[in-house]
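Novice: Residue numbers (my numbering), protein chains in the order written: chain Z, 1 to 366; chain G, 1001 to 1506.
Treat the hints as calculated values from the structure; they're not laboratory data.
Certain hints may be false.
As the list claims (entries may be wrong) - For lysine-lysine, the following DSS-like pairs were computed, each having C-alpha atoms within a straight-line distance of at most 30 Å:
1) K347(Z) <-> K1330(G)
2) K354(Z) <-> K1330(G)
3) K1050(G) <-> K353(Z)
4) K1066(G) <-> K229(Z)
5) K1189(G) <-> K229(Z)
6) K1401(G) <-> K353(Z)
7) K87(Z) <-> K1330(G)
8) K1066(G) <-> K1189(G)
9) K1401(G) <-> K213(Z)
10) K1345(G) <-> K347(Z)
As the list claims (entries may be wrong) - Quick list of simulated restraints, FRET-style, between CB atoms:
11) V1019(G) <-> A341(Z): 43 to 51 Å
12) N268(Z) <-> P1077(G): 47 to 55 Å
13) T323(Z) <-> E1079(G): 44 to 52 Å
14) E1079(G) <-> Y328(Z): 37 to 45 Å
15) Q1078(G) <-> S292(Z): 20 to 28 Å
16) N268(Z) <-> E1384(G): 58 to 66 Å
Stated by the list, open to error - If you want the ones that stay clear, here's a sample from chain Z, every Cβ over 10 Å from chain G, calculated:
17) I157
18) I189
19) G191
20) V206
21) I226
Idealized CB from N, CA, C, for every residue including glycine.
Read off the chains here:
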Amino acid sequence: MSGKLDPKGGGSVFSRVLRNQIFIPFAALLLLALFNLIADPSFFAINLKMNSAGSYILSGNLISIIDNGSELAILAIGMTLVTASSKGQDISVGAAIAISGSVLLRVLCGNDTRPETIQAPIIVAFLVSAVAAMCFGAFNGVLVAYFRIQPMVATLILFTAGRSIAAWINNNELPIVPGEEFTYFGGYIPGCPLPTPFLIAILCFVLTWAMLKFTNIGLYSQSVGINEKTSRLNGLNPELIKLTTYIILGLCVAVTGLIKVSRLSTINYSVIAKDIEMDAILAVALGGNSLSGGKFNMAASILGAYVIQFLTTTLYKFDVQATALPAYKAVVVIVLVVMSAPVVREKISRLTKKIRSPKRTAENQA
Amino acid sequence: MQQGSLLELRGIYKSFPGVKALQNVDFTLREGEIHALMGENGAGKSTLIKVLTGVYVKDEGDIFIKGHDGAVQIRSPQEAQRVGISTVYQEITLCPNLSVAENIFIGRGKGAGVNWRTMNKKAGELLASLGIAVKPTQQLASCSIAVQQMIAIARAVDMECSVLILDEPTSSLDESEVAKLFALMRKLKARGVGIIFVTHFLDQVYEVCDRITVLRDGQLVGEYEIESLPRLQLVSKMLGKELDDMADIKNDMKTFDDDGGTPVYEAENLCSTEGIKPFNFHIRRGEVNGFTGLLGSGRSECVRAIYGADTVTSGTVRMDGKHVKITKPKDAMKNGIAYLPEDRKRDGIVGDLSVRENIILALQVKTGFFRPFSKAKQIAFAEEYIKLLDIKTASVNTPIKSLSGGNQQKVILARWLLTHPKYLILDEPTRGIDVGTKVDIQKLVLKLASEGMSITFISSETDEMLRTCSRLLVMRDRKLVGELVGDQLTQNTIMATIAGGDQNVG
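Using the sequences and the accompanying hints, generate a full structural model.
Specialist: What follows is the structure, given as structure tokens:
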């Protein structure tokens, strides 16, 4: 956005901010922050303390939010693109994370479930898991793009089968990765006070920004999502573009899988990244993006992911029981999603106009 | 209210950010009349209709309806229906997978139960009384567009509407279908229904309407009896100027001579999966030619085959004498062919994207995935063509779907001109567009041709083809049946060739 005032854009700075899509997750974030500030300002405290490995790290609720919200934010990137191009969502990302995590462990640990040292360099293991995750992404993508199956139905297949496939890859064993090094990805790199998942997320954001800036994936996926026929007549290959977005989501899944597995150095096939697909979809919706495809705002999606984590952390802070958490979350989510619905936003902007316009006429008369 | 009037609008105002769409507009509809609402794109026709049907809420003004005391408030389409205003749009808004009877009665049942037999019987009676030859149990999708439109009208009539609005109902119908629709409209008129008829076809206005209301730039120009307003005056009232422009273009005879050089594009035995017979075709540099024929004769399918929009099954294609393979739109684009599709909404615009993105789309695709234009460059491109084609838009970032039809069409045209094509295919570029823009587009076509571009022009209006094309290819029943040049380019010869049979074709 340029800082110049656009005379034809209409409205004050305030109303233009209001109309901007990113305003919704931003407002939600502010509200949550305000709530915490009033309830307990110590929520925002950040301390520097020494961890068990002997290096100084930052700790506090905010740090835990940017730490734990990173997986979701990375997934939201891929989910946003998939939503834009294929007008539907991939509900198999949780299961796909289990698969890619399982592949990662398999390569790192080899045939032995309790190896003394890692059997392959971490980078190699990650690349193999990334290829696997992208293949599964491509599988979903082919079903959606070429067989024209509804995304939710197409990805239901992996959603159902994924965790079994993940268990099968390691013969249903739970290998444990030896050594400190592997825990860095889900924890802290010695000497760095910020959690590594957040650093990985920042790297992903930069790469995404570069991808949107230096390729046409944004324009193409939106165009395909809005009008496939027109896109084809303008020389695009809608099937290939949809497939590409699913493969990109596969890569996001692999990165998330790396962080998730690194946090524990092992895996639990039925629990790892459980229900994360729903949160990822929610992040896209919270960002004010239409779940029926088309135009998207990537920054808003990413912010949406952190808003969800902010909410979760806030609820934990207020001693909401883990079992009751989803219910509380649901209430807040309903409010947020309703507020970000285009219908409601239009009503609000009309309302503010009404409130202000009588004033204006009064001024004119005076 | 005046005696005999059904609907009166007084002093209607409606504005959008930056645009005054309606200013102090009056409109009166009397019982049993067909009233044409005319105006250029952006004159305020659509806005007026939307105010009347509750899609938009007016800023100021009063609406009076017979049988209701005082001014009526219409805040939603449901309220409009309740006071007896029904609308049939250009696009069919019924459910194609339900039966005719279901479509007529959907959403109108009282209580949960449905008595299928009574419903079908009632639908049958209604259709018979309006002379629509269709079975109530037939699936809607199996009916022709014209019949579907009539069913939509029947539904509206049965809901006891006193005011029926027909918004561009004839633009996708052929002549015999239009005649049927008009018969139905006259029947309704005899019953006392007031019909507001929005169309761009002047012939149709003079054939069926009693009165004309003309709008221009959101203001009322006037209300006229049809007899007192000759065609030429109507056009000049719509444009707000005398008709020199139109005369200009007629006198500007085409100067193209076939030099017999290598054609820019040449196809032999081209055939696609859309059921057209293999055809030969060529076009030279600076030539404007056109495909003509009735609706469904295969003229659009021919150009779609040239562009690779449909799957091409056979044929050889040469461009500038060299063999090329065009199997998909991208191949065509690479070879310098551009194609403006017939159905703007379905094939042309990317609705939610901005005017800027819509303009640069084709050139961007041609340039490549890894070479996106900078924002500044995109804006420069868009602004250049907005100025060149006089596109009326609030800004380059306005979503294209909020523009009027004619301006959307100009944006699509801008998209293709930006790619600087060698060969431009325009399929019905002037459909649903006001007279002023039509003339603009025709002039542009001739200008581009004089600069060396080859253009194929398709239009349902023969006048327009005669004004622009130096060679016409006539289609009948999906087959190329004739080619007309020079002196043969007259209405009569075209009609005769289209009709075929025993007629003597020159």
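Novice: Which hint numbers does the structure go against, in order from smallest to largest?
Specialist: 1, 2, 4, 5, 11 and 21
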